[in-house]
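**Q** Residue numbers (my numbering), protein chains in the order written: chain A, 6 to 240; chain B, 1250 to 2007.
Keep in mind that the hints are not guaranteed to be accurate.
On the chain B side, residues computed to face chain A include the following (Cβ under 10 Å) [claimed, not checked]:
| hint | residue |
| --- | --- |
| 1 | V1288 |
| 2 | A1292 |
| 3 | G1315 |
| 4 | G1338 |
| 5 | C1350 |
| 6 | A1355 |
| 7 | S1489 |
| 8 | T1516 |
| 9 | A1574 |
| 10 | E1576 |
| 11 | V1881 |
| 12 | T1883 |
| 13 | G1995 |
Since the hints were made in silico from the structure, they are not lab data. Just so you know, even glycine gets a beta-carbon here, dropped at the ideal spot from N, CA and C.
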Amino acid sequence: MAHKWGMVVDLDRCTGCEACVVACHAENNIPTVGEDQAARGRAKHWIRVERYWEGDFPNPKIRFQPVLCQQCDEAPCEPVCPTYASNHTPEGLNSQVYNRCIGTRFCANACPYSVRFFNFYNPQWDMPLQLQLNPDVSVRSVGIMEKCTFCVQRIKAAEIQAEAEKRELKDGEFNTACAQSCASKALVFGDLNDPNSEVARLSSSNRGTKLLGELGTKPNVTYLERGTWEDASHG
Amino acid sequence: MERRDFIKISALSGVMATLEGCRSAEKQLIRFVPEEELVPGIATWKPSVCTLCSAGCGLLVRVMQGEAEVVRRGQQGLIKMGLAKKLEGNPQHPINRGKLCARGQAGLQVLYHPDRITHPIKRTGARGSGEFQEISWDDALKELAAHLTTLQTSNSANALAFLARPLHGQRHELVERFLKAYGAPPAVWYQPFDEAVLRQANLLSFGHAALPTFDLGRADYVISFGADFLGTWNSAVAQSIGYGEMRQGRPGRRAKFVQVESRMSQTGANTDEWIPCRPGTEGALALGIAHVILSEKLAPQGAGSRAGSLIAGWSAGLPDFTPEAVEKQTGVSAAVIKRLAHELTQSGSAVAMVGGAPLAHTNGLFNALAVNALESLVDAGRDQGQILGFTPVLQPAIPAQASLASLTAFAQSALSGQPHAPQVLLLYEANPIFSAPPGLRIREALAKVPTIVSFGNFIDETSAQADLILPDHAPLESWLDSMPESGSLQAVASLAPPAVLPLHDTRSMPDVLLGLAHQLGGEVAKALPWATYDAMLRAAYVPLRTRGGSVDAKTDDDFWDAAQTQGGWWSTPSTAHSPEVAVAKHAPVSPAAPEFAGAAGDFPFYFLPYVSQSFGDGSLAHLPWLQELPDVLTSAMWSSWVEINPKTGDRLGIKQGDLVEIASPQGSVRAAAVLSPGIAPDMVAMPVGQGHENFSRFASGRGANPLSILAPLAEHETGSLAWAATRVKLVRAGGPEQAKLVLFAGGMSAFPHQEERR
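Work out the full structure, taking the sequences as your base and the hints as a guide.
**A** Here is the structure:
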């Protein structure tokens, strides 16, 4: 059976440490844009941690929520792309084909999760920071949309390796950069079509919800609800 | 991830150093994958050690062939070399088990930073002018050696000073041996946020002068007093692993988590219950809870008596700490105090921990001892032993002397010339001009030292005062070792050869010192008989071979190779507790209220400068990934800000994003206001890390430095800096267009500062 890549984000485990954010930058050649462009809303964090405050001192509550491309089955970013740069792969990924992109930005407009980022300028790395760039990932130039790919370079590398060794991929054999760094194991990545995978097991949890699921996007990221005081058992 | 072929043996074993004077030791003894072995496009994973904080996590470095523009012997050119592409946690390492924090991930940018010092330089203009010229290593080393021999021959060996941030492993040993044999005073190990108070408290309460290790995966209840244990405190990655397990790692069993602090931290955001407590009264709160446990006999008879005996009144049941009395002191209601006491003792395995601001008060030791007493009352080992433990010690304990005390003594000796004025200062990655309270007059003190030599690889406020700079390699270009003091109940001795060849014309600081030692001869050469640092490491590590553990080797050579391949040696997991240190009897401590700098009338707000999720103590502000990382509580990037309660904002006419000025008796700073419900109306908080006047293109002239307005108040007994003990006043100083707060959250407006955003 073909793979179907998905993720689980366990909001009860996420601590808001943002290791995922930096790991993603390092793996995917995401350029920093600098203070001025960041002030114009152009920083590119393919995964971000949102915070939602409720209440006031002395009883403030805050929740963290990591958000990344949901790799939607019914991705709103796909039908609006005039060049088919945003399209769907047989393994369930929403793929962004950089060299088809002509920069209309309709996809970012359509995306309800705000997970698509545009290169308003050619990215720059002050030498020799460019030596760190990952050769497995294209560097995007001006006029190109980019977003989380579920580390498709790692997926491809693992698939090629498994095929060369004439065997199946094993769950946990490779990981996305964000999930790999996540100390509390809030992020779990894997093959939803593998019934024995961690991600498939957790996706069917009764704590599971989808982000903006009511919009009909059919995301492949399942969020597990954060626990409450009452959930804790008494020893 | 399987490690199968991800780690290749990187060492050229058996090549020993010779002690030839002039030839660079680097050319003989560089241990990394030879260039001809690198296949383009295929990655090699090398073990390494993260040096950005004291946790000492184990790394794997992804090395791939690339082409770098370098300067070799004055010639610019391209060289094919292994380049570091990505850092991951080492899955085998007992501390971080394959995981890595945000700062650890960003550490990769140190290696390829555009503002690294790329060769030795000598000052040509006035100190601090930034005017340097390149000199050769031969000349630089000659000059340094001349300074040191001059001191020796003029009988002023005690005029040599060494000021550094605390170093890991054998580097610490090397420096201390060098100074002792030379006849110089011991090094001044300085960092703004040190843990002297907690180590002293743990020594008294538990017999271990060390940071604690927690097995949170077995906890049912965690109460943390101020410890940002999921963010910046102690061994955050190890603690976060345990946190995930205690929440959702055990079907049907979810631990409760309560945080007591005066400002909502990243850690506090994850609580089931968040309890704001008046600054400096956290110890009283812990004793209030203990009082209820003792008076209602909720814990076994005699539980906690050892740590409790350090608190005056414990054996009488803490009569001064009734819930009603504690409510008056702390602001936490008596009903909550009683409930916490019941929950802690009825929840299975419980643990109480303390760290951060509660220890950074003049009564910090009292607060720590109080929480330790509560901890020993509730963490009574219901199943499989206690949650709080201590890592077995492999090397002598880190001296408990507080950084502030030794830095103050150094500054005083420079300013007054008593007992003797330092003539030559060797500096290594300490930045007290930036981080020490202005009352210490560090800038003035350094101006009085005739010769300053820095080994750091960046110009910062302090190293900018150097006369001579002999830049060290970046960590990934160096032999790295560390013996973490906490994070695992296995003894850990991390070890890694350089992952990549040096990019620039830098030299390993330990090798430079060893070369100097040899040149100076006499006692110094005897104390340090190795030509290169890895030879010293080998001598320190091979004795571990006979202790069993993670490396199974029949010979010292095999052990040395295998330990490097694995990224270190660690003991087998065992339930044996590491032995306690005998402690002289300490008189029971009477409660002390915290003291503050600044009268409450003139300075109405408590001021909390907190260790930043992005920049730590400010030493990572030069990394662009971290500057652009949105702060998780505010989403701020590239900015400084002051957190104030919205009611305070209303009262003082301050809106989100306005420029505000906060002033202490020591000085004032300005930054953007962020309205936050997570802070009391009588407190303001500011992250540490920005406000560098000189620290690379990414951090220079950016934001404001809250450490620059701290009063040099110290914790009474340990002399540790009481960084939470300064009071301030607050006024609006301008509008958002002057404050320039950059937030990631909010709209995609072209003019974001004009909108109200939360």
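**Q** All the hints need checking, so say for each whether the structure fits it.
**A** Quick rundown of the hints versus the structure:
A distance limit of 10 Å between C-beta atoms decides the matter here; for V1288/B the minimum to chain A is near 12 Å, and the interface restraint is violated. Restraint check, A1292/B versus chain A: the minimum CB separation of about 9 Å is within 10 Å; hint holds. For G1315/B, the interface hint holds, since its Cβ comes within 10 Å of a Cβ in chain A; the closest pair sits about 6 Å apart. Nearest Cβ of chain A to the Cβ of G1338/B: about 7 Å, under the 10 Å cut. The hint holds.
For C1350/B, the suggested interface contact is upheld, since its CB lies about 5 Å from the closest CB of chain A, less than 10 Å. The closest approach between the C-beta of A1355/B and any C-beta of chain A is roughly 5 Å, which is under the 10 Å cut-off, so the hint is satisfied. Because the closest C-beta pair between S1489/B and chain A is about 4 Å apart, less than 10 Å, the hint holds. Contact between T1516/B and chain A, as hinted, is supported at the beta carbon level, the nearest pair being about 7 Å apart and thus within 10 Å.
With its C-beta approaching chain A no nearer than about 20 Å, A1574/B sits outside the 10 Å limit, and its interface hint is violated. For E1576/B, the suggested interface contact is broken, since its CB lies about 13 Å from the closest CB of chain A, more than 10 Å. Given hint, V1881/B at the interface with chain A, holds; its Cβ is 4 Å from that chain's nearest Cβ, closer than 10 Å. Given the 10 Å rule on beta carbons, the hint for T1883/B holds: about 8 Å separates it from the nearest Cβ of chain A.
Contact between G1995/B and chain A, as hinted, is supported at the beta carbon level, the nearest pair being about 8 Å apart and thus within 10 Å.
In summary, the structure is inconsistent with hints 1, 9 and 10 from the numbered list given earlier, while agreeing with the others.
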